[in-house]
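Going down the list, the sequences are from chains E and W. Each residue of the first sequence is one higher than the one before, counting from 1 in our numbering. Each residue of the second sequence is one higher than the one before, counting from 1 in our numbering.
You can trust all of the hints, since none of them are fake.
Taking lysine-lysine and the DSS-like style, the derived pairs with C-alpha atoms no more than 25 angstroms apart in a straight line are:
#1 K347(E) / K357(W)
#2 K366(W) / K391(W)
#3 K347(E) / K363(W)
#4 K371(E) / K410(W)
#5 K391(W) / K51(E)
#6 K51(E) / K80(W)
#7 K347(E) / K368(W)
#8 K371(E) / K409(W)
If you are wondering where the hints come from, they were derived from the structure by calculation, not from laboratory data.
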Amino acid sequence: MSQPASLPLVESLLDAPLPISGIAWLDAARQENRAAFAASGLPDTRVEAWKYTALRALGQRRFARGDAAAASRAVDASTLKLPSADGPRLVFVNGVFRADLSALDALPAGLILQPLSQALLGDAEPLRFVLSRYYREAGDAFARINAASATDGVVLRVAAGVKISAPVQLVFVGAATDVELAWHLRNVIELGEGAELSLIEQHVSDTEPAQLATVVSDIELREGAQLHHTVLQNVAVATSLIRRSSVRLHARAHAVLHVLELGGALVRHDLRAELIGDGARFDTRGVFMPHGRQHIDTQLAIRHQALNTTSTSTWRGVANDRARGVFRGAIVVAPGADGSDASLSNKNLLLSPGAEIDTKPELEIYADEVKAAHGATVGQLDERSLFYLRSRGIPLAEARALLTAAFCRAVLDDLPNEALREHLSALLVAQLPA
Amino acid sequence: MNSSMINESNASTVLRDNAEVAEALGRSYAAGFVTEIEMTGLPPGLDEETVRQISAIKQEPEWMTEWRLDAYRHWLTMPKPDWAKLNIEPIDYQAISYYAAPKEGPKSLDEVDPALLEAYEKLGIPLHERAALAGVAVDAVFDSVSVGTTFRKQLAEAGVLFCSMSEAIREYPEIVRKYLGSVVPTGDNFFAALNSAVFSDGSFVFIPKGVRCPMELSTYFRINAQNTGQFERTLIVAEEGSHVSYLEGCTAPKRDENQLHAAVVELVALEKAQIKYSTVQNWYPGDENGVGGIYNFVTKRGDCRGDDSKISWTQVETGSAITWKYPSVVLRGDRSVGEFYSVALTHHYQQADTGTKMIHLGKYTKSKIVAKGISAGRSSNSYRGLVKMEKGAEGARNYTQCDSLLIGKKCGAHTFPYMEVKNPTAIVEHEATTSKISDDQMFYCRSRGISEEDAVSMIVDGFCKQVFRELPMEFAVEAKKLLEVSLEGAVG
Numbered sequence: 001m002s003q004p005a006s007l008p009l010v011e012s013l014l015d016a017p018l019p020i021s022g023i024a025w026l027d028a029a030r031q032e033n034r035a036a037f038a039a040s041g042l043p044d045t046r047v048e049a050w051k052y053t054a055l056r057a058l059g060q061r062r063f064a065r066g067d068a069a070a071a072s073r074a075v076d077a078s079t080l081k082l083p084s085a086d087g088p089r090l091v092f093v094n095g096v097f098r099a100d101l102s103a104l105d106a107l108p109a110g111l112i113l114q115p116l117s118q119a120l121l122g123d124a125e126p127l128r129f130v131l132s133r134y135y136r137e138a139g140d141a142f143a144r145i146n147a148a149s150a151t152d153g154v155v156l157r158v159a160a161g162v163k164i165s166a167p168v169q170l171v172f173v174g175a176a177t178d179v180e181l182a183w184h185l186r187n188v189i190e191l192g193e194g195a196e197l198s199l200i201e202q203h204v205s206d207t208e209p210a211q212l213a214t215v216v217s218d219i220e221l222r223e224g225a226q227l228h229h230t231v232l233q234n235v236a237v238a239t240s241l242i243r244r245s246s247v248r249l250h251a252r253a254h255a256v257l258h259v260l261e262l263g264g265a266l267v268r269h270d271l272r273a274e275l276i277g278d279g280a281r282f283d284t285r286g287v288f289m290p291h292g293r294q295h296i297d298t299q300l301a302i303r304h305q306a307l308n309t310t311s312t313s314t315w316r317g318v319a320n321d322r323a324r325g326v327f328r329g330a331i332v333v334a335p336g337a338d339g340s341d342a343s344l345s346n347k348n349l350l351l352s353p354g355a356e357i358d359t360k361p362e363l364e365i366y367a368d369e370v371k372a373a374h375g376a377t378v379g380q381l382d383e384r385s386l387f388y389l390r391s392r393g394i395p396l397a398e399a400r401a402l403l404t405a406a407f408c409r410a411v412l413d414d415l416p417n418e419a420l421r422e423h424l425s426a427l428l429v430a431q432l433p434a
Numbered sequence: 001m002n003s004s005m006i007n008e009s010n011a012s013t014v015l016r017d018n019a020e021v022a023e024a025l026g027r028s029y030a031a032g033f034v035t036e037i038e039m040t041g042l043p044p045g046l047d048e049e050t051v052r053q054i055s056a057i058k059q060e061p062e063w064m065t066e067w068r069l070d071a072y073r074h075w076l077t078m079p080k081p082d083w084a085k086l087n088i089e090p091i092d093y094q095a096i097s098y099y100a101a102p103k104e105g106p107k108s109l110d111e112v113d114p115a116l117l118e119a120y121e122k123l124g125i126p127l128h129e130r131a132a133l134a135g136v137a138v139d140a141v142f143d144s145v146s147v148g149t150t151f152r153k154q155l156a157e158a159g160v161l162f163c164s165m166s167e168a169i170r171e172y173p174e175i176v177r178k179y180l181g182s183v184v185p186t187g188d189n190f191f192a193a194l195n196s197a198v199f200s201d202g203s204f205v206f207i208p209k210g211v212r213c214p215m216e217l218s219t220y221f222r223i224n225a226q227n228t229g230q231f232e233r234t235l236i237v238a239e240e241g242s243h244v245s246y247l248e249g250c251t252a253p254k255r256d257e258n259q260l261h262a263a264v265v266e267l268v269a270l271e272k273a274q275i276k277y278s279t280v281q282n283w284y285p286g287d288e289n290g291v292g293g294i295y296n297f298v299t300k301r302g303d304c305r306g307d308d309s310k311i312s313w314t315q316v317e318t319g320s321a322i323t324w325k326y327p328s329v330v331l332r333g334d335r336s337v338g339e340f341y342s343v344a345l346t347h348h349y350q351q352a353d354t355g356t357k358m359i360h361l362g363k364y365t366k367s368k369i370v371a372k373g374i375s376a377g378r379s380s381n382s383y384r385g386l387v388k389m390e391k392g393a394e395g396a397r398n399y400t401q402c403d404s405l406l407i408g409k410k411c412g413a414h415t416f417p418y419m420e421v422k423n424p425t426a427i428v429e430h431e432a433t434t435s436k437i438s439d440d441q442m443f444y445c446r447s448r449g450i451s452e453e454d455a456v457s458m459i460v461d462g463f464c465k466q467v468f469r470e471l472p473m474e475f476a477v478e479a480k481k482l483l484e485v486s487l488e489g490a491v492g
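Go ahead and model the full structure; you've got the sequences and the hints to work with.
Structure, rendered in structure tokens:
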């Protein structure tokens with residue numbers, strides 16, 4: 001089912017020596033995942049999870065591992081600035097922690113925010129459960145190579161009952177180097193019982209040369225914890241970015257996720273949520289806007305495993321030029337998860353004859369006291385709305401832009417941080433075809 | 001029925017429930033009898049020789065034998081599919097007998113073995129009467145050989161060809177050769193390849209240019225002999241401007257071993273032609289413990305080859321231990337229309353993975369999908385569908401609605417729709433819901449003196465109305481009955 005390991009990409013990723021931490025369980029997990037990656041290589045499109053995302057072209061490329069000069073690469077300070085985000089900040093450049101760009105002074109009480117590389121020097125035991133994982137599924141190639149290779153990332157913990165008022169900013173930067181570079185980051189985020197946090201995750205990169213980045217995040221929300229998570233992915237069109245985020249929600253925990261997928265060459269995000277405690281709630285809002293020859297793939301999988309859990313998902317896609325947008329929204333209601341309420345909507349606009357949208361909402365229901373619904377559409381702007389605007393003297397191009405912007409902005413409507421909302425909206429509008 | 005459900009009822013209803021349950025469990029599959037007539041057939045096993053023998057028994061021309069052998073050789077190279085959400089015991093293809101036929105070949109309806117006719121009688125299709133009264137021509141397939149064809153003359157006057165596939169291969173080789181395998185190629189999928197190699201019989205319909213078929217055509221399939229897979233092959237060709245409605249119904253007697261049923265149905269609609277294909281599938285579903293039952297792996301596909309043509313599939317699936325079928329339409333002609341209306345009901349340990357594919361190639365093509373799934377007991381019921389808008393599908397339109405109804409806590413209902421859109425002027429819409437029968441609905445019915453079983457069957461009937469409306473009248477009645485019988489013992 002998979003391509004042979006002789007692909008240039010696989011070879012080049014395996015070329016680098018396995019990092020040694022000196023922690024027995026971690027080194028064993030790295031070894032095991034690396035062996036699995038070497039054995040199975042990259043999934044091809046016959047693997048269901050990769051049906052619409054072919055790795056053929058990417059597989060032919062070679063990326064160098066490790067940027068020795070990452071600590072001194074110049075980064076445009078303006079890319080780190082976000083309105084309303086002047087709290088703690090953690091910045092990584094080419095997969096390496098940058099203390100000089102981060103803001104870790106005066107962290108509020110109850111907040112631990114440090115790079116993984118430092119956390120592993122101390123007591124690594126609390127990270128063992130997450131970092132000793134072995135990835136088994138056929139489509140897990142990038143999670144495997146990430147588990148084998150990542151030496152840095154975010155470790156973020158909020159103590160029980162602590163409410164962090166200022167948003168925490170995580171910035172992942174791909175900076176220009178002489179060679180095409182691959183880098184990997186591993187994030188571990190945990191909110192204690194009743195903790196509250198607002199998190200902004202940014203992905204940016206320089207235009208040249210091409211890069212391949214993998215980012216794997218595990219997010220755990222203990223009982224009653226609340227997370228507001230905003231993701232702004234705006235990397236350069238030469239950067240391929242493969243992410244996996246796994247969110248586990250305990251009883252009455254609530255996560256709200258806003259995602260903007262704007263940049264990248266081949267972008268893939270596996271977003272998995274498990275609602276394992278009664279009354280947990282998971283809300284996602286996202287928009288992907290591939291243009292040019294971009295390929296943006298979002299794989300959302302939500303698993304309801306406890307009583308009275310809720311999930312809502314609203315996703316918009318706009319594909320232009322020769323770009324391709326892929327979306328999968330799978331909802332599973334496990335046996336016994338009575339009182340689950342799940343809804344998902346994915347609406348898409350196709351703006352150009354060369355563009356393509358592939359969408360697959362899925363429901364897998366094993367309990368009967370359940371409300372579950374999904375809807376998906378692919379189409380164009382409403383002719384009547386266009387007519388309405390034009391009849392009021394607005395030129396066609398402008399009317400289109402206006403309606404497309406409104407179509408996308410729907411996902412930002414309930415973002416409470418107003419300054420951030422306006423900023424994201426402006427980015428959306430800027431990406432619209434003129 | 002299981003003990004946990006009974007435990008959940010309050011004490012006063014337990015006794016009544018138990019009595020009802022016992023009654024429901026005691027009720028046996030109405031079509032589950034075995035007809036004792038002598039069978040001749042090939043011994044179990046499959047190799048090139050088997051394929052040649054089948055072809056020889058059928059007195060087929062050389063090209064047909066070669067066609068089968070090509071399919072067989074291709075089949076050998078194909079991996080067994082494992083992607084559906086199905087729990088399948090591995091099938092031993094060498095343990096199946098690929099040809100079974102009643103020993104004496106009947107020449108007309110009068111010569112048909114009375115035991116056979118009686119069998120139909122028990123199933124509620126008295127061949128003569130039904131044919132005469134209902135105005136339906138029946139090409140009854142008993143295992144592998146067509147045993148009687150009625151109304152041939154009347155159809156012949158209209159120019160309609162309606163006969164068994166083996167007869168068609170002998171009598172109309174040029175038509176068969178032109179269209180057979182043109183919609184479902186021999187190597188299309190594992191089971192289609194197997195069918196192409198060993199198909200024993202099936203129906204052939206040809207409606208010439210401009211003819212409106214004077215009656216609804218119908219075939220009743222029946223699997224009778226033990227350990228025989230049944231591999232029908234149906235081909236319907238509607239020439240320019242013609243019109244036909246075809247009905248297919250299935251019942252199978254009770255068996256303990258799983259039987260394989262891998263049919264292929266091909267529909268070809270030329271310019272302005274219309275084909276309506278309706279199915280009521282009631283193969284033996286296995287008992288309440290999941291023992292026995294038919295494996296129903298069917299490839300059904302229609303090709304709207306001409307402009308302004310239309311193909312409509314309607315199916316009611318209540319039987320089979322495992323159903324795996326996706327009646328599809330390739331919308332090649334401009335402005336052609338594809339429709340799919342489906343009710344799939346699963347109970348006990350049944351598994352159904354069914355849906356449709358609408359492949360839009362032509363301009364301004366339209367498709368509509370309405371799928372209703374009902375799961376009860378410990379069954380699993382999946383809708384799996386694909387809507388594809390290719391680059392040339394200018395202004396194409398699709399609307400899909402999938403609803404699932406869950407009865408009981410141990411069953412599963414799933415929806416896997418795939419949408420692939422490559423044309424910016426096409427519109428695709430999909431909606432799906434999953435729910436159970438609400439307490440409010442039940443309370444409303446119960447407070448009006450309607451029994452629990454009747455209330456459920458009423459609500460289920462309402463849930464399926466959109467699909468039943470599309471069925472020919474007598475089928476609609478049968479379908480409603482079938483759902484009632486199939487759901488017996490599902491509530492308590």
